[in-house]
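Keeping their order, the protein sequence lines are chains Z and A.
Just remember that the numbering used here sits 42 ahead of the position in the first sequence, which is counted from 1.
Just remember that the numbering used here sits 42 ahead of the position in the second sequence, which is counted from 1.
Any given hint might turn out to be false.
Put simply, identical chains are the same to the list, so a pair is met inside one copy or across any two.
[Unchecked claim] For lysine to any residue, the following SDA-like pairs were computed, each having C-alpha atoms within a straight-line distance of at most 25 Å:
1. Lys278 with Arg70
2. Lys278 with Glu243
3. Lys256 with Arg160
4. Lys256 with Glu243
5. Lys327 with Glu102
6. Lys139 with Glu102
7. Lys278 with Arg81
8. Lys278 with Pro65
9. Lys73 with Ser44
10. Lys278 with Tyr246
11. Lys256 with Arg68
12. Lys139 with Ala309
13. Lys73 with Gly233
14. Lys278 with His307
15. Lys278 with Arg68
Treat the hints as calculated values from the structure; they're not laboratory data.
There are 2 protein chains.
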Amino acid sequence: MSFSAMPVLSPGSRLGVVAPSGPFDRERFEKGLAVLAGRYRVEVAPEAGETFRYLAGSDESRARALQRCLDDAELGTIIAARGGYGAMRLLESLTFKRAATVVGFSDITALHLAWQARRWRSVHGPVVTQLGTQPADVVARTFEVLEGRRVAPLMGADTVTPGQAEGALVGGNLSLLASLVGTRFMPSLSGAVLLLEDVGERPYRIDRMWTHLKLAGALEGVVGVVLGEFTDCEEKGASFTSAQLLSELTGTLGVPVLAGLPIGHGAVNQPVVLGARVRLDASNKRLECLEGLA
Amino acid sequence: MSFSAMPVLSPGSRLGVVAPSGPFDRERFEKGLAVLAGRYRVEVAPEAGETFRYLAGSDESRARALQRCLDDAELGTIIAARGGYGAMRLLESLTFKRAATVVGFSDITALHLAWQARRWRSVHGPVVTQLGTQPADVVARTFEVLEGRRVAPLMGADTVTPGQAEGALVGGNLSLLASLVGTRFMPSLSGAVLLLEDVGERPYRIDRMWTHLKLAGALEGVVGVVLGEFTDCEEKGASFTSAQLLSELTGTLGVPVLAGLPIGHGAVNQPVVLGARVRLDASNKRLECLEGLA
């Protein structure tokens, strides 16, 4: 299960910005854009300011912007303005002449999974609206990742199931993973180290999504699990935590599981390359990146 | 696509009560039980009072109670105490020696869909905790349905897409339908009139679940759609309603769609037989039941 190497950036390269999911806060967006513009030639799709209900414009306009970037042979990397919801509505309309690197997380997982189904790597990392408020080391690491370098290991907070595993890092947002089960955009997770994070999902919903993946056989062959942040996922007044629940659910797989990676909707969203080989050492709380984008 | 006739009740028959999903309010439960006990010999599984987090006891104890009813050759009908969440956690462990009629809605859709996948009919209708507060005509109709009679048509409130269709009524709760996509418990919806209802789902989530079904090809061959209540599904301050969204989403199928059926989490939850043939006349806002349970 080997994933293709993908286009990387150099300082001064063109970087496309699109909004395939939800509308975003302009001020946070500009702040993040300034961070990127300090290093790359940032080109924001003109459609990116649109709003339609909970979407950043109509499907047609969001798809047009993304497709134009995908069709631009000189534009290798595309970053999402924000997550939210909506990228999966575009999946059926996208066409691919060549591989482009996509960057983002949360709802952008719809694209990551479609990329993984094609055996393409992509970058699970900050969206533009996040970049202005992330610590300097996240920004530095994001540049390193986008420029194809192999980056330092990440440390998790809690060993759920000890042990070591090696495989391609796949997954992303749990809700999106569950929402693509049974579609042609769902990658095989066999042989993979599964990354999961989420936001605003009550424990029973986390349970339901995990149970869905299990009943569908989607978790068969997973060799390890790394859990990022599960932000605002607690039930008010409950005698248990979502971390406890996730430990129990993932524990049934009998593979190494490491929780508390600084990945997701928290204050720190460290970038990682999906589709790249990683070595998970859950006993020592360490996720080592064996490959970069290229 | 024909569904098996199923066991029916007579006045005085044994009726099993189980809690395969969430814990329930004892007072509401007793009220509903009294309604049933006025007509049938109600037997409540001793496990039904248990609680574990958001579940009515452990998987083992919920499955044991349900399996015991399924294995009881003299017990043809089983009604759920309440929905909530948890029935899908039991699906893999259930075994079937013979067909039993299951009654309930919401999370009980996990069982309904598994029944539909086996081509068994079941009753989408009030759970026990609902029965004490439903109007008299719902109770009367529930008895008629459980006793195998063909019941009067139901009227919807809004024609979304006019036209007529005929097929087996399948579906239930949208969240559960989306949560079983890609599993062996998901029935084919081809040739079916699809019933959907839900509670507490924000519009983008309704969109995501529908889009999931669509991307999975699960909606192919659906001949008509009937929408029950979508209770507490509005986005605060939004310029659009969930009804509008559902009209747009279902409208893309190009089949007759009728909305506002008195089915679901509202004050009136009229029972219908899933798997039974229905004639949908969306133009005249009418859902006619062509078959009963037997």
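Tell me, in ascending order, the numbers of any earlier hints that this structure violates.
Structure breaks hints 5, 7, 9, 11, 12, 13.
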